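S.K.: Sequence:
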Amino acid sequence: MTVECVQSLLSAHLHKRGAQSPRTMVRQIIVVDNGSTDDSIAILESKLGSLVELIACPQNLGFAGGNNLAIQHALKSDADWLLLINNDTCVAPDFFTQLAAAHGANPHWSMMAPLILYDPEVPGNPANTIWSLGDRLLPGTLITRGLWRNQTVPPDLPTFIDVDFLNACALLIHRTVFEKIGLFDTSYFMYAEDVDFCWRARRAGFKMGCATQARMWHKVSASTGVHHPQSRYWRTSNQIRFYRQYATLWQRPLLFGFTLARTLLTMGRDLVSRRTHAARSTGRGWIDGWFGRSQLVS
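Residue numbers (this note's numbering): 10 to 307.
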């Protein structure tokens with residue numbers, strides 16, 4: 010997957026306006042091997058060679074820690090923008106062209122994301138269906154609402170959409186954001202680290218949005234990936250941890266009740282579908298999230 014992702018980035022190009030010749034927008038591609046125990050490093054070196062700069066981490070630092078390694082390395086260069094991207098994705102040929110157009114039309118954005126679609130090559134995934142384009146905050150709460158999530162791309166989808174939160178599966182960030190608020194919080198081992206980062210960026214005055222004409226495809230399963238016990242545990246516990254960290258005193262009872270109701274509903278659906286491991290992990294995630302514990306779930 011990583012090789013395909015890198016190749017799609019290399020083939021995507023930025024066309025300058027006017028009669029000037031095309032040039033690439035990608036100055037450097039950094040790949041972090043986050044504690045793999047197989048022959049991934051050897052495969053990457055043999056297939057990509059000098060096309061990327063490979064950082065081999067001896068242990069799994071989680072999503073936040075792995076990205077932070079690449080960010081720290083990239084900030085040593087003179088690059089203004091840093092693109093964080095999951096390895097299980099591929100981008101459209103005009104990916105960078107569309108992001109550049111979005112920046113020109115929205116110079117107030119310091120963070121932007123493409124329209125992320127389910128990859129239809131994954132069995133069971135629908136075609137032309139939105140995985141993520143960002144979230145909006147429900148007024149007066151810390152609860153977010155995903156925009157057009159799991160919907161077929163509508164023909165009247167706006168070209169540019171202002172949002173409150175973006176998914177770090179693919180996230181273009183101006184270096185001034187890191188310089189002002191720092192890196193990802195590594196205490197979020199998996200999930201919600203991007204929510205925390207966007208929240209801190211918003212509080213620091215940065216704006217963000219989605220460039221819906223910039224397209225990419227995510228090789229995530231629309232039907233099975235969300236039910237993995239480890240995924241369920243960390244999604245549940247870290248979302249609650251985010252609430253505990255930033256909620257006001259009066260918001261806490263609301264969020265406690267909201268997460269309890271949603272957790273019980275999710276567990277009920279799991280038990281009906283005989284996903285007992287997913288149900289158990291969701292329940293453990295809720296308890297550990299509210300009472301300040303965390304543990305690895307296999």
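Simulated from the structure, these hints should not be mistaken for laboratory data.
All values derive from a computational prediction rather than experimental measurement.
Careful: at least some of the hints might be erroneous.
Result set (DSS-like, lysine-lysine): computed pairs, CA atoms no more than 30 Å apart in a straight line [as the list claims (entries may be wrong)]:
(1) Lys-228 - Lys-216
(2) Lys-189 - Lys-216
(3) Lys-56 - Lys-85
(4) Lys-189 - Lys-56
S.K.: Taking the hints in turn, state whether each one holds.
M.R.: Evaluated hints:
1. Lys-228 - Lys-216: holds, 28 Å
2. Lys-189 - Lys-216: holds, 14 Å
3. Lys-56 - Lys-85: Within the cut-off at roughly 26 Å; holds.
4. Lys-189 - Lys-56: violated, 37 Å
Of the numbered hints given earlier, the model fails hint 4 alone.
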